[in-house]
Amino acid sequence: MISTGYKKLVVPTIVIIMAIALPFVIKAPYFQHIIIMIFIWATLGTAWNLLGGYAGQVSFGHAAFFGLGAYSAGLLIFHLNVSPWWGLALGPVISMVVAIPIGLVCFRLRGPYFALATLALGEIFRLVFTNWVSLTNGAQGILILNTFSTKIPYYFIAFLIWGISLIIVDRMIKSKLGYYFVSIREDQDAAESLGIPTTRYKMFALLPSAFIAGLVGAFYMNYIAFIDPHVVFSLSDISVMVILVVMMGGVATLLGPSIGAAIYIALSELFRAWLGSANVLAFGIIVCLVILFMPNGIIGELGTLKRLFIRQDKKAMVAGGN
Amino acid sequence: MSFLEVKNIVKNFGGLRAVNDISFTVKQGEILGLIGPNGSGKTTIFNLINGFYPLTSGEIYFQGRRIDGLPPHKICALGIGRTFQVVKPLKRMTVLENVMAGAFLHTTSISKARSKALEVLEFCGLYHRKDMDAKNLTIADRKRLEIARALATEPKLLLLDETAAGLNPKETEEAINIILKIREIGITIIIVEHIMKVIMGISDRILAISFGREIALGTPREVANHPEVIKAYLGEAYA
Numbered sequence: 001m002i003s004t005g006y007k008k009l010v011v012p013t014i015v016i017i018m019a020i021a022l023p024f025v026i027k028a029p030y031f032q033h034i035i036i037m038i039f040i041w042a043t044l045g046t047a048w049n050l051l052g053g054y055a056g057q058v059s060f061g062h063a064a065f066f067g068l069g070a071y072s073a074g075l076l077i078f079h080l081n082v083s084p085w086w087g088l089a090l091g092p093v094i095s096m097v098v099a100i101p102i103g104l105v106c107f108r109l110r111g112p113y114f115a116l117a118t119l120a121l122g123e124i125f126r127l128v129f130t131n132w133v134s135l136t137n138g139a140q141g142i143l144i145l146n147t148f149s150t151k152i153p154y155y156f157i158a159f160l161i162w163g164i165s166l167i168i169v170d171r172m173i174k175s176k177l178g179y180y181f182v183s184i185r186e187d188q189d190a191a192e193s194l195g196i197p198t199t200r201y202k203m204f205a206l207l208p209s210a211f212i213a214g215l216v217g218a219f220y221m222n223y224i225a226f227i228d229p230h231v232v233f234s235l236s237d238i239s240v241m242v243i244l245v246v247m248m249g250g251v252a253t254l255l256g257p258s259i260g261a262a263i264y265i266a267l268s269e270l271f272r273a274w275l276g277s278a279n280v281l282a283f284g285i286i287v288c289l290v291i292l293f294m295p296n297g298i299i300g301e302l303g304t305l306k307r308l309f310i311r312q313d314k315k316a317m318v319a320g321g322n
Numbered sequence: 001m002s003f004l005e006v007k008n009i010v011k012n013f014g015g016l017r018a019v020n021d022i023s024f025t026v027k028q029g030e031i032l033g034l035i036g037p038n039g040s041g042k043t044t045i046f047n048l049i050n051g052f053y054p055l056t057s058g059e060i061y062f063q064g065r066r067i068d069g070l071p072p073h074k075i076c077a078l079g080i081g082r083t084f085q086v087v088k089p090l091k092r093m094t095v096l097e098n099v100m101a102g103a104f105l106h107t108t109s110i111s112k113a114r115s116k117a118l119e120v121l122e123f124c125g126l127y128h129r130k131d132m133d134a135k136n137l138t139i140a141d142r143k144r145l146e147i148a149r150a151l152a153t154e155p156k157l158l159l160l161d162e163t164a165a166g167l168n169p170k171e172t173e174e175a176i177n178i179i180l181k182i183r184e185i186g187i188t189i190i191i192v193e194h195i196m197k198v199i200m201g202i203s204d205r206i207l208a209i210s211f212g213r214e215i216a217l218g219t220p221r222e223v224a225n226h227p228e229v230i231k232a233y234l235g236e237a238y239a
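Line by line, the protein sequences give chains A and B.
Sequential numbering of the first sequence, starting at 1, is according to my numbering.
Sequential numbering of the second sequence, starting at 1, is according to my numbering.
Just so you know, not all the hints are guaranteed correct.
[Claimed, not checked] Not the full set, but computed from the structure, chain B residues with beta-carbon under 10 Å of chain A:
#: 1; residue: N50
#: 2; residue: A77
#: 3; residue: G81
#: 4; residue: R82
#: 5; residue: T83
#: 6; residue: K91
#: 7; residue: G102
#: 8; residue: T107
#: 9; residue: S109
#: 10; residue: I110
#: 11; residue: E146
Just so you know, the hints here were simulated from the structure itself, not pulled from any lab data.
Using N, Cα and C, we set each Cβ at its ideal position, and we do this for glycine too.
Chain B on its own, in the form it takes in the complex (with noise of 0.2 Å):
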């Protein structure tokens, strides 16, 4: 039993083919990046996984129990965490309630939540910013603030979706420390990811897909080296 295996996955959007046929599975404890060019298919595999999509066909298997079907909230319950790719913080709430409405999956407890809100705050270092109101951070705290609210629901698996796009290059580097935080403290990580230093730096292995298809798997020098994967990117010329 794999901790998360996609089988097949297929979505159509009208007659668009958007994610075909994708199959991969995500071994407890590692790190897998998924790359491909804009438009390729891995945000909506994401939102397949999240249950924000209806599958087409296949099927999701996290900790052996089938997921496809089951509605976003439940899956999320399950210990499948993720943050969004064109941020979605809760604007009119501080910091703090926001991770707060995360920590609150699994008490009912204002003390308990706040609690453990706070010790994801101080994780994800956003604690000096708890009480300001989510719509006055910058793009880089509320990057941050997606990864805290989702580990305040206290996933098992955790699906980052472009955690550290627009992010100055002080900022990615602590992007990728709380990103190599997180893999200690025992959360399985499927990463979705534009910038090449971060993912090659922190993936065990690499899924790339161009068109909603496979292209390449393996380990992050195996997928660089990939002649589909440069081809995908760079075009005919250069493969």
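Only chain A is shown next, with the shape it has when bound in the complex (with noise of 0.2 Å):
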């Protein structure tokens, strides 16, 4: 019992002392800015899988969250001259708050309404952030000055948020919350019909869900220091791309986003050199070529996988000791 109790913390500690050894192993900016922009879409992923994987409410609307999270920490330096590191603490907050009539309205919808539903509020606030030109300095957005001069602390606050997210949604997942997350998305009537009041419980799903993105979008306003409207609202490259980012590591699965998340910022990053603007389009098409081999993402064959090395071997033993 105890070697298993250790077991679980092993494969977590060492993960924990190569990330912290990672940056200075590998010194240069360029690969360093890699790894932080992973941890970016790994913890927007990881957001999204909650209430889109888990309690299967498909959001177009992600973009909403982040950019409010980014917009929480510009605005506040650009307005007040508070220092964006609070949007840290203020852009989930807001992400939240305002996931709660985000909620009440789109979960009268099921399925493909839903979502249709989520990407209209996604455009909604691009455009009311594109065009609010007194709060939010509009289509020009907002330009800050770094706070670090190099990568590294950067590192770190981006490793330890996707950790928190990692830990949120897996705390969630493993109790009765994530029973009825799944319960719900694999039949809502059925799970009325359970006692799930599954409303309250899709609330559950998107609340958390909305406060990470919200989170990783403040981090990415510190970090980027420079955010538009049409950047951290975007359809294609936020809502839509956290959507392939995840059925590629796999749905509803705790790693999945972070696997997806680091094949598509390595993906763009090899392809944007000589395929420029088209290396979207190779993501593209392997995003295609994994739904169509691998429905359930990387991680999501890899149980099957698994699986069948398992049965192999003992087919093997047997055969062994005859």
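Reassemble the complex: the two chains are provided individually, in unrelated frames, and hints are given to aid placement.
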């Protein structure tokens, strides 16, 4: 029993030690930047996955929460001259507060209708933030000065945010909440008939999801130091892309979004050099292939692959015994 | 105060009156059978009791408390469980997880929900399937899973919607045994069933409906010989 308790901690401990050592091994700022971007996307994917993957409420509007987080940080310094780092506290809260009415409206709809409603909402935020110039500085966006001149502090903050998001999601899905989320995803009517208040539990999935998206959005502002509505509220580059990232890595798996994020960022960096902005196309084709041949994503299919191998091992052992 | 009292319920779907002024009561501990030709409104009555559809008019009382207008999850929490005629397994969950989803109604602890679920699976004869994904079950096992999941919510009244439809004779026999076992542990049952062998054998009373209206209510023998029932099933010539 004790050994299994320790075993559970072995992998996370190794990961943490490696993560701490990484920026001192990989010293090139360019590569450090790539890893930070992977953390950002992994966190955003993890947030989306809680609502879209586990609870099955496919959102096409997660850019709204990401953008709200980013603007919370940006507008603090733009209007009030308050450090944008406070956005890390304010952004998630604002995203969550805004998520409440969004949930109340959209959760009346099911399946594709829910998805379309969130898509429209995401676009509404982009348009409002583009046109409400007195508040947001409009399409000119917000430019701030980076707090740190090296990437290393950002690296650790991004790693921490990613870790926090994983812990939040892991804790939730391993509790009663997780069972309820998946029940709602699998059949809402059956879930209702089992005494599950489906709207309330969808909200319990949405709020942390919005919280995490807002948190990573606020960090994005601090790290990239420039945002405009077309970047952080983008339908194609954020809302849709996060879905592709999660699908690639594995919907409704804890680490799927992170794996998807690593592949997405790595590929777009690889292809950017010789495909220019068509690098997204390359990623799109790969996502198509993954969906065709690994419909549950990379992590989702790992289980079946593993089972396949274990079964073969057993067969081999029996054969050996004979 | 009766256990369940349904008073003059009416349900319109647009211009169609699917349930037309039905009233009945259910006594604690009995099995009430609900029969009628296809499309006569049996499942609609279940959907009205369990809150999936709002009533057009009428009232429903459960243990003295008015329940029409409450959402399905609240009605379940009050102690009315149901199964679905068109089974709704939570496909990408294991059998055990399906039943645990029901058991969580009364607990937040994973281990308590698990032990409750295992107990119910044992009761329904599904224990050996517990680690199987629900999507891989046979229809007979899916029907049992429906019952097990509903039982895990610890209902006082269970609405069974065609739990023996599509089963072979041996499976039907097992289904009947499960239903009788459920009654033995003190759960009141309303059962919709087309297989006369099942419904005639286990019901204390039977309510027969046709085109949303009550045509007969009484013991299985009375209902089976009732001219209106024969007419509804076989046509005018046999009545």
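Right, here's what the structure says about each hint:
| no. | hint | result |
| --- | --- | --- |
| 1 | N50 | holds (6 Å) |
| 2 | A77 | holds (5 Å) |
| 3 | G81 | holds (8 Å) |
| 4 | R82 | holds (5 Å) |
| 5 | T83 | holds (8 Å) |
| 6 | K91 | holds (6 Å) |
| 7 | G102 | holds (5 Å) |
| 8 | T107 | holds (8 Å) |
| 9 | S109 | holds (8 Å) |
| 10 | I110 | holds (7 Å) |
| 11 | E146 | holds (9 Å) |
Checked against the numbered hints listed earlier, the structure breaks none of them; every hint is satisfied.
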